[in-house]
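Engineer: As a plain string of letters, each chain reads:
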Amino acid sequence: AQSVTQPDIHITVSEGASLELRCNYSYGATPYLFWYVQSPGQGLQLLLKYFSGDTLVQGIKGFEAEFKRSQSSFNLRKPSVHWSDAAEYFCAVGEVPGNTGKLIFGQGTTLQVKP
Amino acid sequence: DSGVTQTPKHLITATGQRVTLRCSPRSGDLSVYWYQQSLDQGLQFLIQYYNGEERAKGNILERFSAQQFPDLHSELNLSSLELGDSALYFCASSVDRESYGYTFGSGTRLTVV
Numbered sequence: 332a333q334s335v336t337q338p339d340i341h342i343t344v345s346e347g348a349s350l351e352l353r354c355n356y357s358y359g360a361t362p363y364l365f366w367y368v369q370s371p372g373q374g375l376q377l378l379l380k381y382f383s384g385d386t387l388v389q390g391i392k393g394f395e396a397e398f399k400r401s402q403s404s405f406n407l408r409k410p411s412v413h414w415s416d417a418a419e420y421f422c423a424v425g426e427v428p429g430n431t432g433k434l435i436f437g438q439g440t441t442l443q444v445k446p
Numbered sequence: 060d061s062g063v064t065q066t067p068k069h070l071i072t073a074t075g076q077r078v079t080l081r082c083s084p085r086s087g088d089l090s091v092y093w094y095q096q097s098l099d100q101g102l103q104f105l106i107q108y109y110n111g112e113e114r115a116k117g118n119i120l121e122r123f124s125a126q127q128f129p130d131l132h133s134e135l136n137l138s139s140l141e142l143g144d145s146a147l148y149f150c151a152s153s154v155d156r157e158s159y160g161y162t163f164g165s166g167t168r169l170t171v172v
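Chains A and B, in that order, are what the protein sequence lines are. Quick note, in the numbering used here, the first sequence goes up one by one and the last residue is 446. Quick note, in the numbering used here, the second sequence goes up one by one and the last residue is 172.
Because the hints were derived from the structure by calculation, they are not lab data. Ideal placement from N, C-alpha and C gives every residue a C-beta, glycine not left out. Among these hints, one or two may not hold up.
Pair ranges (Cβ atoms, derived) [unchecked claim]:
no., chain 1, residue 1, chain 2, residue 2, range
1, A, Pro371, B, Gln103, 18 to 28 angstroms
2, B, Pro67, A, His341, 27 to 37 angstroms
3, B, Gly111, A, Ser411, 25 to 35 angstroms
4, A, Pro371, B, Asn118, 19 to 29 angstroms
5, B, Gly75, A, Gln389, 46 to 56 angstroms
6, B, Asp99, A, Glu351, 21 to 31 angstroms
7, A, His341, B, Gln100, 11 to 21 angstroms
8, A, Ser345, B, Pro129, 46 to 56 angstroms
9, A, Pro410, B, Glu113, 36 to 46 angstroms
Computed footprint of chain A on chain B, listed as stretches where at least three residues anywhere in the stretch have a Cβ under 8 angstroms from a Cβ of chain A [unchecked claim]:
no., stretch
10, 106 to 119
11, 161 to 171
So here's chain B without its partners, still in its complex pose (with noise of 0.2 angstroms):
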């Protein structure tokens, strides 16, 4: 258990459904990171919150939003959703805004039907 929490751990859903997918940090960490991962794209960076704001953008579809809470678990909301968008989605967390080397939690697996 890396201590970074993702839930669901398995989520299928059709096209054109919105989704949403949750990340708990590890205690004391403020940073989290998305991250997907696909057969074509790889891993991808997504976009990184510390604290509550959003620090970095990465290739994330305007289709795609996430948030980081108060009590700092995020979640990243995918909508419009296409057969493409089918991957594992990872999440991260860190102690501080510019920590590499960080814990990833197990992932989400989205299947869009």
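Just chain A, with the same shape it has in the complex (with noise of 0.2 angstroms):
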């Protein structure tokens, strides 16, 4: 079965420095992978998404992604980091066969900024 991994379940990081949030999935072909974050009393709102072709995703808020099939990852970066990042951030990968639209989230990252 599909998993993902995301292994650091609370990141600290400072106003202005970069940021990178960390996805490992579990799958033998391309996955379709996404990144959503959370905000608190708020849903999910879908960051970017990676279907196939040029590895490097570009998303909303100033955040890209990149695919790395050879380590089974799909890492979220962002070059500096506003306060208003502070939330929790979600992997998932889209569930094959079937194509149902299914999606199998990580655990979640929240995300702390230090003024």
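Please assemble the complex out of the two chains, which come individually in their own frames, going by the hints.
Structural biologist: Laid out in structure tokens, this is it:
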């Protein structure tokens, strides 16, 4: 079965510093990969997605992610973090086969931003 | 505003009771997904409907059921509630039945006491 692992439960970075959130997946073929962000009391907002093609994906709010097949990873990055980026971040993989649209989520990484 | 509307936002009920959560998808979206978010299980897929038909089922308990109506809104019914059912329940919608990266509503927080 497919699975997603986010090794870091909690990360703290200083405002203006760079950020990298890790995500590893298990699936033999090329997966559909996603990053979502959840602010307190809010729903999940899609930051970016990867289906195929260029392995560096640009998303909203200045985020990007890189798909590395050899490492089964899809890490999320941002060059300079803003205080408003404090939230919980979820990596997800689209379930295949079947193409049901079902997403399998990691446990999430909580980002704290220090002033 | 994501365009996906969930009501109510908060719900407090007693064990053994039954509740109904409602979801209105974004205009034009035919597919609706339900997810449960709890501290111990994380985000878990419950069920998907596409244009009124059940399309996929996840780890949904037998005490839970859902349906999608002709106007495309969906309801998730939870019965014989237990303390462990306390969670945030999200609805999401997409245009077709195989879309990923869909739009989530802001959720219904259910507290069972």
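Engineer: All the hints need checking, so say for each whether the structure fits it.
Structural biologist: Each hint, compared with the structure:
Distance hint check: the CB atoms of Pro371(A) and Gln103(B) are about 20 angstroms apart, consistent with the given range 18 to 28 angstroms. Pro67(B) and His341(A) have their C-beta atoms about 31 angstroms apart, which keeps the hinted 27 to 37 angstroms range intact. At about 46 angstroms, the beta-carbon gap between Gly111(B) and Ser411(A) misses the expected band of 25 to 35 angstroms. Checked against the hint of 19 to 29 angstroms, the pair Pro371(A) and Asn118(B) passes, with Cβ atoms roughly 26 angstroms apart.
Range check, Gly75(B) to Gln389(A): Cβ separation about 50 angstroms, and the 46 to 56 angstroms hint holds. Here the CB-CB span from Asp99(B) to Glu351(A) is close to 27 angstroms, well matched to the stated 21 to 31 angstroms. At about 19 angstroms, the CB distance of His341(A) to Gln100(B) agrees with the hint of 11 to 21 angstroms. Distance hint check for Ser345(A) and Pro129(B): the Cβ-Cβ separation is about 53 angstroms, which falls inside the suggested range of 46 to 56 angstroms.
Between Pro410(A) and Glu113(B) the beta carbons are some 44 angstroms apart, a value that agrees with the proposed interval 36 to 46 angstroms. Under the rule that three or more residues need a Cβ within less than 8 angstroms of chain A, the assignment of the stretch 106 to 119 of chain B holds, with 4 such residues. A stretch counts as covered by a chain when three or more of its residues have a beta carbon under 8 angstroms from one of that chain; for the stretch 161 to 171 of chain B and chain A the count is 6, and the coverage holds.
Hint violations for this structure: number 3 only, all remaining hints satisfied.
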